[in-house]
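Protein chains: 2
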Amino acid sequence: MPFLLFIDTRSDDKKIISIDAMGGDKGPNAVLGGLNQYLYQNGEDSVHFRVFGDEKKLRKLMAKYPRVSRNVEVIHAPNVIKPTDKVMDVLRHAQDTSMYMAIKDVREGKSSAVISAGNTGILMSLSKLALKTIEGISRPAITTMLPSGAGDSRVVVLDLGANVHCDETILFDFAILGSVYAEVVGKMPRPKLGVLNIGSEETKGNETLIHLNKILTENKDKLPYDYIGFVEGNDISAGRVQVVVTDGFTGNIVLKTVEGTAKLVKRVVVENFKKSILAIIGAFFLIHVFKRLKHKIDPRSYAGATFLGLRGFAVKTHGNSDALAFANSIKYAVDLTAANLNGLIAERARALADIRSTIKSEE
Amino acid sequence: MPFLLFIDTRSDDKKIISIDAMGGDKGPNAVLGGLNQYLYQNGEDSVHFRVFGDEKKLRKLMAKYPRVSRNVEVIHAPNVIKPTDKVMDVLRHAQDTSMYMAIKDVREGKSSAVISAGNTGILMSLSKLALKTIEGISRPAITTMLPSGAGDSRVVVLDLGANVHCDETILFDFAILGSVYAEVVGKMPRPKLGVLNIGSEETKGNETLIHLNKILTENKDKLPYDYIGFVEGNDISAGRVQVVVTDGFTGNIVLKTVEGTAKLVKRVVVENFKKSILAIIGAFFLIHVFKRLKHKIDPRSYAGATFLGLRGFAVKTHGNSDALAFANSIKYAVDLTAANLNGLIAERARALADIRSTIKSEE
Numbered sequence: 001m002p003f004l005l006f007i008d009t010r011s012d013d014k015k016i017i018s019i020d021a022m023g024g025d026k027g028p029n030a031v032l033g034g035l036n037q038y039l040y041q042n043g044e045d046s047v048h049f050r051v052f053g054d055e056k057k058l059r060k061l062m063a064k065y066p067r068v069s070r071n072v073e074v075i076h077a078p079n080v081i082k083p084t085d086k087v088m089d090v091l092r093h094a095q096d097t098s099m100y101m102a103i104k105d106v107r108e109g110k111s112s113a114v115i116s117a118g119n120t121g122i123l124m125s126l127s128k129l130a131l132k133t134i135e136g137i138s139r140p141a142i143t144t145m146l147p148s149g150a151g152d153s154r155v156v157v158l159d160l161g162a163n164v165h166c167d168e169t170i171l172f173d174f175a176i177l178g179s180v181y182a183e184v185v186g187k188m189p190r191p192k193l194g195v196l197n198i199g200s201e202e203t204k205g206n207e208t209l210i211h212l213n214k215i216l217t218e219n220k221d222k223l224p225y226d227y228i229g230f231v232e233g234n235d236i237s238a239g240r241v242q243v244v245v246t247d248g249f250t251g252n253i254v255l256k257t258v259e260g261t262a263k264l265v266k267r268v269v270v271e272n273f274k275k276s277i278l279a280i281i282g283a284f285f286l287i288h289v290f291k292r293l294k295h296k297i298d299p300r301s302y303a304g305a306t307f308l309g310l311r312g313f314a315v316k317t318h319g320n321s322d323a324l325a326f327a328n329s330i331k332y333a334v335d336l337t338a339a340n341l342n343g344l345i346a347e348r349a350r351a352l353a354d355i356r357s358t359i360k361s362e363e
Numbered sequence: 001m002p003f004l005l006f007i008d009t010r011s012d013d014k015k016i017i018s019i020d021a022m023g024g025d026k027g028p029n030a031v032l033g034g035l036n037q038y039l040y041q042n043g044e045d046s047v048h049f050r051v052f053g054d055e056k057k058l059r060k061l062m063a064k065y066p067r068v069s070r071n072v073e074v075i076h077a078p079n080v081i082k083p084t085d086k087v088m089d090v091l092r093h094a095q096d097t098s099m100y101m102a103i104k105d106v107r108e109g110k111s112s113a114v115i116s117a118g119n120t121g122i123l124m125s126l127s128k129l130a131l132k133t134i135e136g137i138s139r140p141a142i143t144t145m146l147p148s149g150a151g152d153s154r155v156v157v158l159d160l161g162a163n164v165h166c167d168e169t170i171l172f173d174f175a176i177l178g179s180v181y182a183e184v185v186g187k188m189p190r191p192k193l194g195v196l197n198i199g200s201e202e203t204k205g206n207e208t209l210i211h212l213n214k215i216l217t218e219n220k221d222k223l224p225y226d227y228i229g230f231v232e233g234n235d236i237s238a239g240r241v242q243v244v245v246t247d248g249f250t251g252n253i254v255l256k257t258v259e260g261t262a263k264l265v266k267r268v269v270v271e272n273f274k275k276s277i278l279a280i281i282g283a284f285f286l287i288h289v290f291k292r293l294k295h296k297i298d299p300r301s302y303a304g305a306t307f308l309g310l311r312g313f314a315v316k317t318h319g320n321s322d323a324l325a326f327a328n329s330i331k332y333a334v335d336l337t338a339a340n341l342n343g344l345i346a347e348r349a350r351a352l353a354d355i356r357s358t359i360k361s362e363e
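Chains F and D, in that order, give the protein sequences.
Position 127, counted from 1, in the first sequence is what our numbering calls 127; the numbers after and before it change by one each time, with no gaps.
Position 187, counted from 1, in the second sequence is what our numbering calls 187; the numbers after and before it change by one each time, with no gaps.
In isolation and in its complexed conformation, chain F is listed as follows (with noise of 0.2 Å):
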């Protein structure tokens, strides 16, 4: 039984999320209000908080919220990473900004785990830096599910946007992290996982992809996912995978695709149906439908994109998260630290290890 969960053994112990409360383009409002949804919905026991920004304005602001200000410690951040800054001008005066203490909190244990609704390009460089990968793990990948086939079904795809050149190693890697994710986020055990190529055959697409598959489709049967070879942009979202492995670059483009073609759809519903003029009952119908497809697609109803790979867990929340988006990216975190995920990565990695080490003497 080569996969037997990894047990945490602090599993028992209260969780502690640090919270970079100055990212939003809603200010520090939002992330208490969020803190307040999340405590009430959840209670107060099980999690503690390290909220980082201007401590004035945060005990202000927390004065109308004592379920709060009864959990949560505020670590003053004299500066803030402003969602325009650059990330090359941001790395060497970082130090003293909320994203970057919150960041430091997770390195220094701390904490288990950073939420911060600031600039993405900017929280993954800092988390980087700031926290090693998990061992057996090359580099950490941007992850999220994304909405797939019939009912509520969704899919991981993985990396979204952190590595634009991925080796057969770091996809590699990437398929562990995502079939990780897939089973213990995505209560989809043994999922099925495929690498995004141009065609299903196996000469199609690049070096690269040609030769990870022949890596992967020799050892399938000792794999902790059911590997079922290439796959296409249009299986994404048909249902029939639940892991897709790809380079940050094409990941990040599919990501945005889809959403604009989703908001294209959406659209073009919306513009007939004005025409109609049976407009007042079509938008009732509309108007239900709308609930149930924003639920499906809307990517802040995922609560958050993670920064998979490293030693504690960074989330990022939509930048113009209100109050309810926080709570949703709270409770989040706190599943992904409850969940024993980098504990099973890393046992993961080690049991794969043999297999790919003869990826880089192949080459």
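Any given hint might turn out to be false.
As the list makes no split between identical chains, a pair holds if one copy fits it or if it spans any two.
Capping the alpha-carbon separation at 25 Å, the derived lysine to any residue pairs in SDA-like fashion look like this [claimed, not checked]:
{"#": "1", "residue 1": "204", "residue 2": "121"}
{"#": "2", "residue 1": "60", "residue 2": "189"}
{"#": "3", "residue 1": "263", "residue 2": "323"}
{"#": "4", "residue 1": "132", "residue 2": "164"}
{"#": "5", "residue 1": "26", "residue 2": "346"}
{"#": "6", "residue 1": "266", "residue 2": "152"}
{"#": "7", "residue 1": "266", "residue 2": "150"}
{"#": "8", "residue 1": "263", "residue 2": "240"}
{"#": "9", "residue 1": "82", "residue 2": "229"}
Note that these hints are calculated values from the structure, not bench results.
Since the structure of chain F is already known, use the hints to place chain D on it.
Chain D in isolation, oriented as in the chain F frame:
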């Protein structure tokens, strides 16, 4: 005035189109039905057709279409390329197949375009082998228009899968192909053109894209299109750009992701309409909206994808095209040949040759 339209002196001549009658899933009857429909709608004066396939079968089927018999020359092709054939297997013995004979017709100057509903990969490979690229153009690209923005707006996207690896010169040439296509076929004069990337900043993406963006930005004023820099996946369908240039790997995945997502959104809408107790009234609206949606989103409504950049046009129609789809594709091919698209591409390539030559010298 460097970009004056090159006048094709043969433009008053009768156009000749070659058709592979055996490639589609629905067989030669759909092709002949499509021809009949095209001739009925567009008159019998302007185009002559050379139809390749099993002569006996074709003659028998043509008996019921006197209009087709008057305007069509049947050329016997003893063999057929099956949709499931592999490219490598076919290349060696394609000589006597209906697809290859129809392509060769274009090479020999007997016609100006070939239409086939057969295997895309094989049509591409054979066309590339048989037809040379236009002078000054390095590679042909699969090109089509996708839905974008309001009303009937479209965006030209290329390459959709012909070239997995593309350097700066190839992408530079795709910008010429795509912008002329947008202008002539899409009736979008001086189109806005963007290069697909994972962010709009000039430092994003890989070295090829950064270098290409530098060249295009520096020469912005000399380009026959409005270069707007890097665009992202969600921009494709947002209506802010009319031509999107990318490599065939990314483009193919984008194309299929758009199709898959549109199908998924439609599925969510249908699923939720069905759940409603007022489903019968809802269905009334849905039929109208989906008719519009189909017109906007369904790839079959675009009539076909072109293999652009070759001396002659190879038009691929959907494998399961019926007579109506074939009639649309024939109209599309006739329009392509009538528009002097290739003359304009050659003209533009000449005008931009100096800028293009700086790409290599800088590398």
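Status of each hint after checking the structure:
| no. | hint | in the structure |
| --- | --- | --- |
| 1 | 204 x 121 | between (31 Å within a copy, 11 Å between copies) |
| 2 | 60 x 189 | neither (46 Å within a copy, 57 Å between copies) |
| 3 | 263 x 323 | within (24 Å within a copy, 32 Å between copies) |
| 4 | 132 x 164 | within (19 Å within a copy, 34 Å between copies) |
| 5 | 26 x 346 | neither (37 Å within a copy, 53 Å between copies) |
| 6 | 266 x 152 | both (19 Å within a copy, 15 Å between copies) |
| 7 | 266 x 150 | both (18 Å within a copy, 11 Å between copies) |
| 8 | 263 x 240 | both (23 Å within a copy, 14 Å between copies) |
| 9 | 82 x 229 | between (42 Å within a copy, 24 Å between copies) |
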